[in-house]
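Number of protein chains: 2
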Amino acid sequence: MNDLFLRVCRGESVERLPVWMMRQAGRYMSEYRAIREKHGFLTMCKTPELAAEVTLQPVELVGVDAAILFADILLPLEAMGAELKFVQGDGPVFPQPIRSTADLGRVRVPDVEATLGYVYDALRLIRKELDGRVPLLGFGGTPWTLATYLVEGGTSKSFGHVLGWSYADPKGFAKLLDLLAETSALYLEGQIDAGAQAIQLFDTWGGLLDRRRWREIALPPVLKIVERLRGKVPLVYYIRDAAHLLPELRELPVEVLSVDWRMPLDEVRSAVGGRFVLQGNLDPTVLLAPPETIVEKTRELIEAGRGGAHVVNLGHGILPTTDPDHARLFVKTVQEISATP
Amino acid sequence: MNDLFLRVCRGESVERLPVWMMRQAGRYMSEYRAIREKHGFLTMCKTPELAAEVTLQPVELVGVDAAILFADILLPLEAMGAELKFVQGDGPVFPQPIRSTADLGRVRVPDVEATLGYVYDALRLIRKELDGRVPLLGFGGTPWTLATYLVEGGTSKSFGHVLGWSYADPKGFAKLLDLLAETSALYLEGQIDAGAQAIQLFDTWGGLLDRRRWREIALPPVLKIVERLRGKVPLVYYIRDAAHLLPELRELPVEVLSVDWRMPLDEVRSAVGGRFVLQGNLDPTVLLAPPETIVEKTRELIEAGRGGAHVVNLGHGILPTTDPDHARLFVKTVQEISATP
Numbered sequence: 034m035n036d037l038f039l040r041v042c043r044g045e046s047v048e049r050l051p052v053w054m055m056r057q058a059g060r061y062m063s064e065y066r067a068i069r070e071k072h073g074f075l076t077m078c079k080t081p082e083l084a085a086e087v088t089l090q091p092v093e094l095v096g097v098d099a100a101i102l103f104a105d106i107l108l109p110l111e112a113m114g115a116e117l118k119f120v121q122g123d124g125p126v127f128p129q130p131i132r133s134t135a136d137l138g139r140v141r142v143p144d145v146e147a148t149l150g151y152v153y154d155a156l157r158l159i160r161k162e163l164d165g166r167v168p169l170l171g172f173g174g175t176p177w178t179l180a181t182y183l184v185e186g187g188t189s190k191s192f193g194h195v196l197g198w199s200y201a202d203p204k205g206f207a208k209l210l211d212l213l214a215e216t217s218a219l220y221l222e223g224q225i226d227a228g229a230q231a232i233q234l235f236d237t238w239g240g241l242l243d244r245r246r247w248r249e250i251a252l253p254p255v256l257k258i259v260e261r262l263r264g265k266v267p268l269v270y271y272i273r274d275a276a277h278l279l280p281e282l283r284e285l286p287v288e289v290l291s292v293d294w295r296m297p298l299d300e301v302r303s304a305v306g307g308r309f310v311l312q313g314n315l316d317p318t319v320l321l322a323p324p325e326t327i328v329e330k331t332r333e334l335i336e337a338g339r340g341g342a343h344v345v346n347l348g349h350g351i352l353p354t355t356d357p358d359h360a361r362l363f364v365k366t367v368q369e370i371s372a373t374p
Numbered sequence: 034m035n036d037l038f039l040r041v042c043r044g045e046s047v048e049r050l051p052v053w054m055m056r057q058a059g060r061y062m063s064e065y066r067a068i069r070e071k072h073g074f075l076t077m078c079k080t081p082e083l084a085a086e087v088t089l090q091p092v093e094l095v096g097v098d099a100a101i102l103f104a105d106i107l108l109p110l111e112a113m114g115a116e117l118k119f120v121q122g123d124g125p126v127f128p129q130p131i132r133s134t135a136d137l138g139r140v141r142v143p144d145v146e147a148t149l150g151y152v153y154d155a156l157r158l159i160r161k162e163l164d165g166r167v168p169l170l171g172f173g174g175t176p177w178t179l180a181t182y183l184v185e186g187g188t189s190k191s192f193g194h195v196l197g198w199s200y201a202d203p204k205g206f207a208k209l210l211d212l213l214a215e216t217s218a219l220y221l222e223g224q225i226d227a228g229a230q231a232i233q234l235f236d237t238w239g240g241l242l243d244r245r246r247w248r249e250i251a252l253p254p255v256l257k258i259v260e261r262l263r264g265k266v267p268l269v270y271y272i273r274d275a276a277h278l279l280p281e282l283r284e285l286p287v288e289v290l291s292v293d294w295r296m297p298l299d300e301v302r303s304a305v306g307g308r309f310v311l312q313g314n315l316d317p318t319v320l321l322a323p324p325e326t327i328v329e330k331t332r333e334l335i336e337a338g339r340g341g342a343h344v345v346n347l348g349h350g351i352l353p354t355t356d357p358d359h360a361r362l363f364v365k366t367v368q369e370i371s372a373t374p
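As they're listed, the protein sequences go chains A and B. Residues in the first sequence are numbered consecutively from 34, following our numbering. Residues in the second sequence are numbered consecutively from 34, following our numbering.
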């Protein structure tokens, strides 16, 4: 039984660093593609046996120290009443985006058991199949990040609709975030009840906001969720592209702060204080480089993280073009190097 | 004759702040759309009369204090031998991207007069038509930012190809950057000869790199260009998404540093030192908000910039969905507020 990840999250000392990779169940693996070719992405999310199978693939084939539920951060938005499609090449699409207070009537806090029960079934099945081999993370998006997709109608380059609404009608927009926070809290409480041993919150687009607006807009609904989950399991907060926000994160009441590759971990630690376990932050494109570069950069990463507790991970999701042998090399390098004092 | 912009760049005192907007000649104006409906984007760039007409529109209809050449940062890549298309909805596409040292044979330093003479003709025509009303900026992309498009084959989400090449074969990739630097230096020298009174370098994707890699990879070719242009006209360096890079920018030998909206200008100034004129940095989505919000945020921006010289601008290009009256309100507000002590 490998509980390194949970022990690091709890602040306990460990014999070596745990390592896992964001999007580790993904297209870079031929075993994943074989399943994906036969099933739509949403079908995979909604079929517990398939979700469990791909969740376990990187544990068995890459040797990571934690599993993370195969799902999508946008599933609870569909449960709230927003039609969601995954379009080949374009990613997620909400054909009827929510763009004003008047549109709020089209979404509601759902009965999470009735609408998202398939996620809970998947978690229970994965826990059973893992049988204690490694811990299992659940996850969700932060309300701000979920709102960017729901308001833009999918991914965006300029984020004009969501930023525009947030300036034009801050009170109406706050109502949307509050709905998203309540839904997320219920959804993630359910994940914990179903067996998730830690929860990662993805604030992928938090870095779009300046410091004051992040504090005023994005932070309150995160705190609402965190207050509901705190103490049950370790909480990981991931934020991308947020060097300018680090001073704001100092007081965030979560155990683990997960950051992208833009700043070395020792500088992140200086900026946020010593309280956090840090998670990250190898540039995922390093795994496209030759083996010797992967080993060198992994070594540097572990060195930069030595000032405190560290869960080794990438700074963003593993790229679909990654050679699985390179992913294995990264994982193995962490496990070997960090075991030596 | 309004030379506020140039006087601020030279460090002279001014009676009020100059203001212009990135992408100010653009789709938010019906007068621009009327021309764009009749001509392809590349045709507009390559027809000096059309480029001149849209360059002047925001001077005449919005009242900005500087004109910027209507062109695209990717034009010199086409001149280097890379086929370039603008595809409706997808933006720029290079059907045959450059992804390895072997591909370098497909691009070369061009005869800029022969291949980009239309840009120089446009600049001469614009200067003549402006007749001194406001200064005229030329511009180009930094080699790193140009490389992201040429290697990815267009815009990208993960930048796996360009980052992957930069890790896998740093020497070969440096050769590409060197070709891009030499081309850019020649191209921008030509712009100055043709009448550009300042040059803005767009490092739109510089913020993808961590601090050490930005210094090792992106900075040297920028310095090569800057060394060639320095002292001829004021140089503006624009970088987006780069709070983590600010300490590296302190010594950059340019007059003006232009930043996005993620950090208030007083904090940017603390991070980079007092030497720079700062340009920016209103969040372009503020212009989607009601008039009172635009006035309030513009007032805050001017306040944040008071610690030193300031060219007022947006933090990124104006959005196509902006109401032109809102753009005019922004410009007028700067011109009025900053004139009062």
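These aren't lab readings, by the way, just hints derived from the structure by calculation. Since this is a predicted model, take the numbers as computed values, not measurements. Note that CB positions come from ideal geometry on N, CA and C, so glycine has one too. Take the hints with a grain of salt, since some may be wrong.
Short derived list, chain B residues pointing at chain A, Cβ under 10 Å [to be verified]:
| # | residue |
| --- | --- |
| 1 | T80 |
| 2 | L279 |
| 3 | A322 |
| 4 | T354 |
| 5 | P357 |
Okay, the hints, checked on the actual structure:
1. T80: violated, 27 Å
2. L279: holds, 9 Å
3. A322: Since the shortest Cβ distance to chain A is 4 Å, the answer is holds.
4. T354: Cβ of B/T354 sits 5 Å from chain A, so the hint holds.
5. P357: violated, 15 Å
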